[in-house]
Amino acid sequence: MEYNHKDIEPRVRQYWKDIDLYSVDVDNSKPKYYVLDMFPYPSGAGLHVGHPLGYISSDIYSRYKRLCGFNVLHPMGFDAYGLPAEQYAIQTGQHPEITTTKNIARYIEQLENIGMSFDWSRQIRTCDPGYYKWTQWAFLKMFASYYDRKADKAMPIENLEKHFAAHGTQGVDAACTKDLAFTADEWNNMSKKEKADVLMNYRLAYLGYSVVNWCPALGTVLANDEVVDGLSERGGHPVEQKKMWQWFLRVSAYSQRLLDGLEKIDWSESIKETQRNWIGRSEGAEMHFKVDGCPDIDLEIFTTRADTVFGVTFMVLAPESKLVDQLTTPEQRAAVDEYLASIRHRTERERMIDRRVTGVFSGSYAINPLSGKKVPVWISDYVLAGYGTGAIMAVPAHDSRDYAFARHFNLPIIPLIEGADVSEQSFDAKEGRMINSEGPELNLNGMEVKDAIAAAKKYIEKAGIGRVKVNYRLRDAIFSRQRYWGEPIPVCYVDGVATAYDKLPLELPEVDKYLPTETGEPPLGRAKNWCTPEGYPLELNTMPGFAGSSAYYLRYMDPHNDEALVSKEANEYWRNVDLYVGGSEHATGHLIYSRFWDKFLYDYGYICEDEPFRKLINQGMIQGRSNYVYRINGTNKFVSHGLKDQYDTTPLLVDINLVKNDVLDTEAFRKWRPEYADAEFETEANGKYVCGWAIEKMSKSKHNVVNPDDIVERYGADTLRLYEMFLGPIEQSKPWDTNGIDGVYRFIKKLWSLFWRGDECLVNDSEPTAENLKSLHKLIKKVSADIEAFSFNTSVSAFMICINELASQKCGSREVLGQLLLVLAPFAPHVAEELWRTALGNNGSIFEASWPEYKEEYLKENTVTMAVSFNGKPRFNITAAVDASKEDLEAMALADPAAAKWLEGKTVRKVIVVPGKIVNIVVG
RNA sequence: GCCCUGAUGGUGGAAUGGUAGACACGAGGGACUUAAAAUCCCUUGGCCAUUACGGCUGUGCGGGUUCGAGUCCCGCUCGGGGCACCA
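By the working numbering, the letter at position 521 of the first sequence is numbered 522, and the numbering carries on one by one without gaps.
Certain hints may be false.
[Said to hold, decoys possible] Simulated crosslink set (DSS-like; lysine-lysine; CA at most 27 Å straight-line):
(1) 874 / 811
(2) 698 / 661
(3) 142 / 196
(4) 323 / 179
[As the list claims (entries may be wrong)] Each pair of labels, with its calculated beta carbon distance range:
(5) 352 / 410: 13 to 21 Å
(6) 924 / 889: 15 to 23 Å
(7) 212 / 336: 20 to 28 Å
(8) 185 / 350: 47 to 55 Å
(9) 96 / 730: 41 to 49 Å
In case anyone wonders, no lab produced these hints; they're calculated from the structure.
Positions of the beta carbon are idealized from the N, C-alpha and C atoms, including for glycine.
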């Protein structure tokens, strides 16, 4: 029998299906292990060879854990809601569900082709009503909750209502959009509508009126992580800032817990850092400045540099600040209005690109609470409304933005740190000794900056002019989208009051077109009878893409449960994801939202773990490798890469399927496109036309897409799997290069030839030799360690070495070959299973056996070869008994005939002996 | 600007502070074959030798620690990623 993947792989896969190998269930007799891939959005283009990289590595790990005796949950599903399906629906009128279903079928086929061990009985799709029922359920829970800062968790909103009725806002410490203060009487006298508005201020899923990212081209609002450099992440369309009513999730309430949680999970430092940056904690002080002549106006600012209060020479308000109106004096009114008008229509992107210093004086003055000095209040868009209090104290000497502003408008600059030269630029570093910082009650002069910050904060609190405060950059997530293809938000409007609609699932209705209505309402505005049975209108917005992916890992634990998102039993067994594999591009989106969602459910005790993903591996991207031919300008003649510099040429992309090992198939090239039919070629001296190459994104337009199906067809799934792992470390981005795949394919054929020579089976029952056992156990040791460390590329090398050794030893031992197959099985499951059952004659699947333990005794040596170095340079080797003493080794090294040459005319100064490693002789 | 990463042959990449370049690709040479494919063997960082199982040099750059540094420390350069008028 020859190795024939086309025969083996489908048969083996059918066998696994027949014995239902991958179905798992709660089994308290075994430890659990949960391996999860980030589920894909099923795009119409199908998978290219870069997509399965992560899936293959997680599959290897799952199969390995299974062999180690774990009950492994390894599910797969589809993130089915997405823009492309909706765009396609708009163009064609075809329901997005049809395209989505078709694409999913294709994805499953491709994944099956690679031999994934997914338990498809647990498959989920975010667009199934049975699934999104639980997305809607969680939303309603959030709607019915507020965040209690004292308990540091989410609580039912009824608790807050009861508290208001009894005590008003007295004693309430809750996350909210804006601080409110009222008495119990005031609350009890409020109308239903007024009460609803107050509660909305506290809900974890709330309707808010604020500045949002509006993308006109997509016709929808976007969350902060969906906007990159002022453009939409999908499609790259401009995004504007617009004040609108939208649904939000109060993610910001969990800022500190999201930050703290990072300490106990096993994620890469870079992705944790990305999340820390995104959460953006900063410690500082909130301070109140009085306004000259207006005793009832309080100018509240936030600063991390409380030590610099004596250097404040002006104040700045964000243009959106409510105080702008109050602080603008009649004389300045015209100038302020003109300024506000000039910046109002700028998009986020324009504002980011054009960072000119602009601003206007309000006419008012604030009073520095420490020095008592009067400083002017300005208005400028370099202060952001959404961060801190929307107002700042400006210290031009020690903040570069304030410095630029002061220079532009000729405002005074007072240095506060000894030796700081502020004639050219500000001194932003937090170091040095304070000067010019003495007021009536507080003197910071002579202190180090660090101490001065602490002293200033302490004074501010004591004097009642402010308080120590922690600010976070993390904003609440915008949760509504003006689109069709998403989960309906289960809310109806009763007399204008947003009310939970709890008959779930609230199914997505049919519409005639997938476009906004004539009156500009979202597509759901087209649905007939889109209201509750009582006739209350339903919400027209749908949920964003991240809604369905936020808790999907919980649903896999118990995917068919109608009573709960996940049963207590299933959740307490599977707990959370032990290993999560996916791209790092989700660092500030999905990976934050999932953690938030998880913590929320944890607060109510629906689940038992407060972090969803214990260990995270971010696989790198696989780039494409494009090929180029060089046409001599003005001709139809192409020159080989090595000759191109002799002519005036234009590089042209060529389909990589016409190229092998960078050598162009010139005949195929002529047939590729009509204009090349009579192309001429100038080749290298060996007659080959060599193409140039470049590493670029894998895409149709670059003609460099490699389809995994083609690779499987030609080499088989096992070769594809091994080769993808062999390419390099999993976390690293690297180019796909089909050229190297032959080496891996040869390896599998060599492996096969250990078992079969033609129809003759080479396996026998002979005792393994010491050599056999050494080769085998070296492999087991290496691969066991590699898999745990996620270093699969070095494992593949280890297999190659082992196979070569066993082949040269002519090893036919059933015992050795059986264990070899077990170690290989996670990587190349088909060929391992086939040989296990046929050549070795085992009954049952190899995946029902156990991972072999390596035995150190087989690896032990009697003798050891060590290098002898002179002044650190290795010169010759000595071979000694393993347990030789340092003295013996030193004597052997000096007595060796080869030593004489290096010792000639020199004296030995020192000898360092590290048994088993080196003998270093220092001579001089 | 701040933070995180990384830099090793023609290529992808190996190396618990102990003989850098494992393994693989590519390239060159050879064997088998009518031929091709497949398979097998040899060479392959650079330079100098080739009478030698030989010498020198070499892991982005410059220093340092050490008997010994790709690996540890300090200072740079360049690439990839994150955050950013965030006060």
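- [ ] Assess, step by step, whether the Cα of residue 698 is no farther than 27 Å from the Cα of residue 661, and give holds or violated.
- [x] Holds - the C-alpha atoms of residue 661 and residue 698 are around 19 Å apart, at most 27 Å.
Open item on the list: Would the hint linking residue 874 and residue 811 be met if the CA-CA limit is 27 Å?
Closed with: violated (38 Å)
Open item on the list: Between the alpha carbons of residue 142 and residue 196, is the straight-line distance 27 Å or under?
Closed with: OK: residue 142 and residue 196 at ~19 Å, within 27 Å.
TODO: Compare the distance between the alpha carbons of residue 323 and residue 179 with 27 Å, and conclude whether the hinted pair is satisfied.
DONE: Roughly 13 Å between the alpha carbons, so the hint for residue 323 and residue 179 holds.
- [ ] Could you say whether the range 47 to 55 Å given as a hint is met by the Cβ separation of residue 185 and residue 350?
- [x] Since the Cβ atoms of residue 185 and residue 350 sit about 48 Å apart, the hinted range of 47 to 55 Å holds.
TODO: Evaluate the given range 13 to 21 Å for the C-beta pair formed by residue 352 and residue 410.
DONE: holds (19 Å)
- [ ] Hint says 41 to 49 Å; check whether the CB-CB distance for residue 96 and residue 730 agrees.
- [x] holds (43 Å)
Open item on the list: Can you tell me whether the CB distance of residue 924 to residue 889 sits inside 15 to 23 Å?
Closed with: 20 Å Cβ-Cβ, so the 15 to 23 Å window holds.
Open item on the list: 20 to 28 Å was suggested as the range; check whether the CB atoms of residue 212 and residue 336 agree with it.
Closed with: Holds, since residue 212 and residue 336 (Cβ atoms, about 24 Å apart) stay within the stated range.
When each numbered hint is compared with the structure, a violation occurs for hint 1 only.
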